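Enquirer: Can you build the whole structure from these sequences, using the hints too?
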Amino acid sequence: MSDSSVPSKVQRMKCPFCFQFHDDSTTRCEERDLEIPQRYIERVNENVPVIPMLAIGFSGHGKTCFLSSLFHYLLEGPLSHKWPGFNWYGLNSETLNRVRKDYVDRMQRGQIPPPTPGMFKWEDGGPLILELQNVPRFVRLRFGRWGIGRQDVIFLFFDIGGEACEDTEKILKNFPFFQEFNPLTILIDLTMLIKEGDEKVSNAMQRMHQLMNMIYVMPPEITRTQDVLICYVKADRMWGQSHRFGPLAVKTSTEDPTPDKIPAYLDEFEDLEQNRALHLWRVSAFLQRAQKQFQTSTFYNSFSLGL
Amino acid sequence: MDSVRLRQHFYASGDRGFASMAFTPGLRREEQSILEDRSLYQLPMSLLYSDNPPTLVKYVFHKIGEHQFAVGRGTYKGRDRLGRPGNYLFHNFIVSKEDLLKLHLNPSLLTRFLEAKHLFKDTVSEGESCDVIELATTEVEEMVPRPFTLDKVLILTILQACCNIDTLQKSILLRGNADEIIDFLCWLFSLVPYSLRESLSYDTQSFGLGPRNKIVGLPDDPEFAQSGSFVLTLNLASRQYQGSFDVGATTSAIGAIAEIASMNGGVEIENMHSAQHSLVKGDYTGFKEKYGKAPSISKDLIFANNRWTMVTQIAANSDTELLLSLEDRLTPEDIAVVSPNLDLMRLLVDTGHRRTIEVIAAWFLTPENKENFLPLLFESRFLWEAFLEEVKRSPKQASVLVGLSRVFPHFYSIRLECELLETLVALLPDIKLTTDQAQELVQALVAFPPPEMEGIRSLRAYVVFRLIGNDLALAELLKADISLLPREDYSRILRGALERIVAASGDRVTALLALFAQTKDKLLFACQLLDVLEVSTVPARTRQGLREVTLTLVAALPPGELTETIRIRAGRLFPSPQTSKLGTIRRLLGPKTKDGAN
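Taken in order, these protein sequences are the chains called A and B.
Here the numbering used here is used: the first residue of the first sequence is -7, the next is one more, and so on.
Here the numbering used here is used: the first residue of the second sequence is 282, the next is one more, and so on.
Keep in mind that the hints were calculated from the coordinates and are not lab data.
Remember, predicted model here, so these are calculated numbers, not experimental data.
Hints are not guaranteed to be accurate.
Unchecked claim - When the alpha-carbon atoms are kept at most 25 Å apart in a straight line, the in silico DSS-like pairs for lysine-lysine are as follows:
no., chain 1, residue 1, chain 2, residue 2
1, B, K358, A, K93
2, B, K378, B, K562
3, A, K165, B, K344
4, A, K113, B, K358
5, A, K187, B, K358
6, A, K284, A, K162
7, B, K451, A, K113
8, B, K344, A, K113
9, A, K162, B, K344
Expert: Okay, structure coming up:
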């Protein structure tokens, strides 16, 4: 049973696989033929928020490495020291197995992950379902104020191949519930685009336009309610090349903030100077399109293989 | 030259990751999408990062829409342009259903041919030309499936798994290398019906890909250990298998196929399926050619599995030769199918073959209206006799005689009437006819030409009397010589007649005398008369009125033991007046005392 409209008192649980609202007693998603983890059901009923995560980008632009790095950081990194009470749980055995086997262990061994299949493989068990506890978040505090508090959050991580991102039709075919991803993450390897341009494999600007076009044809009624995070990956390849990458060439601090320092930490990323990097490549149209299409646009850079 | 046309499609990793790198012009985007979705290759992690990963090939088969199929080969290529392991190339061939039918819907056969002719490629350049490839059907057909030697129980298990795979909702797992698996599949496909072949998708190396296909393969290597639930797991090298499922009783068809296959009869089975397919598709000429070449066991199977279709086609094509070859197996249901073709019906009747005649006779008694076919009964003596025998065995189906009676006058002969009447007499105790049916039959009987022989007159009158039982019929019956009837009937009729006479209000004496004179068995007459009078509720006065005539008739009986018995009975029924007075006085006086005084 499912109902995608506003859930009634009875239909409270949003399925992590099909994103339809199921009856509380439902334990299986019939559409995807997958068991809904019991712990997920319990936690959702305890009003733990659920955030689906999807990173899109061309093939080889580091989506899987990005996830591997993120998981490695969550599982093996210092957050449990920096963030009081921080912990993580895989809400089903598939998540625990795959996070370790397919992402973290590979990363620890220094192995580049194989290409991710273009079509999302539901038979692997669906997305990775992780609960992170005591995550610093902007929450409403007492007396109506907003500030950093701690909250448990369930993340649904979807990993998709770059081929799917070659056109919007493929993305929407993979994820008919595309509007659920908020924020949407777009990973761009500027260095690769330039390299391909230099090798005359493809034109960097054309590829950026292709990316822009992909965004453009996404249904605006969906994207207008979404935030987008645009992340320039493989930052280490840009460091020290300010003539090419402008502010992106600056190696920023990798110090993990304590919860009280998170607001300042996040403010850094609102530095619009990063956007100038795009102007360097005369693809301001991309920036404008992103800003127009999405509710908010924020720019980051990352170095997934940095440990 | 009959040929098979194949379009091509390459899926490999290029500058933009995996994509459809080259394909035959005209391959639509939706088709490419399906091919891309099914062109997957994964290796276990332990082998993925090995310095010398295996270069295993895999073969796939699946549908593209309703009318096309893909037969493909995936080759592992090591690392991609970014140094990532897991690079591979798929070369798919797209074939229409119509063309695959020319190859008996056996995709593995095509795969083996493509391999043998080195038509599968390992490399591709983006956008390279991919022309349609045309193959001569005869060339491909030379790739005869190599027989697999398996015991019958295993073959049966495999066939049952295949035939019920949709119900069981799990895949079949084959352990072996790609060549072993494709050889096995080539043989397996020749055993299963055509209707199943197009849905038996397979992937000979499906590690990490889930149950996307009906048949999945994995190398027999611990590295490729994979959890999962399968309806059947078969190791091709050792022939060990595991699987338990319950699909009910084995059909005779599957059992027979397993039997033939266990004796390396794969070719015969393939021919059988091919013949069946032609038959089902209405290609009667093709069917006949293949059926003619099939061994008798295959013919039996084809007929058993396609009985209705086959008989219908035989009738539609007036195929006398095939019909006669099946004579020994025909049933009334088959005759029903053939019956619209009167020429074939006559052919069967004219054979005079006893079994065929009996089957046709039995068919006449099936519920559907047979009036148009009743004249056939008069074209063959054997059929007529068999029909009457059949009717005698089935009194509840006697209504068929009503219809017969309508056409009978056109074919009337004394002999035929005699035989018909004898049949009716035999049926009479149990015959089931409505009043209207009985009336119609009687009307037909009385309309027959006047009987030339007394026996027929008696029979006819008797049957009429038994069917409608009124006084008029009785009167007619009494005019006939009922002694010609069977004794039991004769006795019954006599009793009935006597009861009617005794109960009648008219001149009973004359009627009794007339009947007595007519009756040959006087002793039987007398016994029956006494039976009637002894139990009759006729008033004493009436009984007394019959006293004289009864005693006169009894006195006229020939001497003998039975006559004595009859006379004693008559004496008791009608005691003399003196005797009756003495009897009355005795009763008034009461019983005698010991000394004789009262």
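Enquirer: For each hint, tell me whether it holds in the structure or not.
Expert: Hint check results:
1. B/K358 - A/K93: holds (23 Å)
2. B/K378 - B/K562: holds (14 Å)
3. A/K165 - B/K344: Within the cut-off at roughly 20 Å; holds.
4. A/K113 - B/K358: holds (22 Å)
5. A/K187 - B/K358: The given pair, whose Cα atoms are some 24 Å apart, holds under the 25 Å limit.
6. A/K284 - A/K162: Distance of about 23 Å is within 25 Å: holds.
7. B/K451 - A/K113: holds (18 Å)
8. B/K344 - A/K113: holds (19 Å)
9. A/K162 - B/K344: Given that 25 Å is the threshold and the Cα spacing comes to 21 Å, the pair holds.
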